[in-house]
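Just so you know, we're using the working numbering here: the sequence shown kicks off at 17 and counts up by one.
Honestly, I wouldn't trust all of these hints.
Stated by the list, open to error - Straight-line Cα separation of at most 25 Å, DMTMM-like style, residue types lysine to aspartate or glutamate; simulated pairs:
no., residue 1, residue 2
1, K39, E84
2, K38, E84
3, K18, E84
4, K39, D52
5, K38, D19
Unchecked claim - Pair ranges (Cβ atoms, derived):
no., residue 1, residue 2, range
6, M128, S44, 34 to 42 Å
7, G118, G28, 35 to 43 Å
8, Y96, D19, 15 to 23 Å
9, P46, R131, 40 to 48 Å
10, F101, P60, 20 to 28 Å
11, S103, L77, 22 to 30 Å
12, G50, M73, 32 to 40 Å
Bear in mind the hints are in silico, worked out from the structure with no lab data behind them. Here the structure is a predicted model, which means the values were calculated and not measured. Here a beta-carbon is modelled for each residue, glycine too, at the ideal position from N, C-alpha and C.
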Amino acid sequence: MKDIVMILSAVGLGAFGQLSLKKGMLLSGPTNIGIDVIKATFTPYVSFGLVLYATAMILWLAVLSRVELSFAYPMLSLGYVFVIFASWLIFNEHVSTLRIAGILFICIGVAMMGRS
Numbered sequence: 017m018k019d020i021v022m023i024l025s026a027v028g029l030g031a032f033g034q035l036s037l038k039k040g041m042l043l044s045g046p047t048n049i050g051i052d053v054i055k056a057t058f059t060p061y062v063s064f065g066l067v068l069y070a071t072a073m074i075l076w077l078a079v080l081s082r083v084e085l086s087f088a089y090p091m092l093s094l095g096y097v098f099v100i101f102a103s104w105l106i107f108n109e110h111v112s113t114l115r116i117a118g119i120l121f122i123c124i125g126v127a128m129m130g131r132s
């Protein structure tokens, strides 16, 4: 059970990191690779997103030391599910029927992996 909690925590931190990065970049506006991206790195939302991502990576290393990669790695796909729904709620992004079908396939796959 502890391993699952660690996996879900790493996935959640990574997903929240993505949402924070997106919010920060929306506030920064469209940028090109270069100085604009470097400047955006120091904005609060982007900085927080990077911290969340780094924390998720550290936790993921602990997961990898305890769990088979063939079990743990597919669980990362739960981050896609969370980010799609959160993007729809927070950023009012369009979620098509095809994306919803994809989410269902991901959830079925993760459930199957979890039972193994």
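Results for each hint:
| no. | hint | verdict |
| --- | --- | --- |
| 1 | K39 <-> E84 | violated, 34 Å |
| 2 | K38 <-> E84 | violated, 31 Å |
| 3 | K18 <-> E84 | holds, 14 Å |
| 4 | K39 <-> D52 | holds, 16 Å |
| 5 | K38 <-> D19 | violated, 29 Å |
| 6 | M128 <-> S44: 34 to 42 Å | holds, 40 Å |
| 7 | G118 <-> G28: 35 to 43 Å | violated, 20 Å |
| 8 | Y96 <-> D19: 15 to 23 Å | holds, 21 Å |
| 9 | P46 <-> R131: 40 to 48 Å | holds, 44 Å |
| 10 | F101 <-> P60: 20 to 28 Å | holds, 24 Å |
| 11 | S103 <-> L77: 22 to 30 Å | holds, 27 Å |
| 12 | G50 <-> M73: 32 to 40 Å | violated, 25 Å |
Going through the hint list in order, the structure does not satisfy hints 1, 2, 5, 7, 12.
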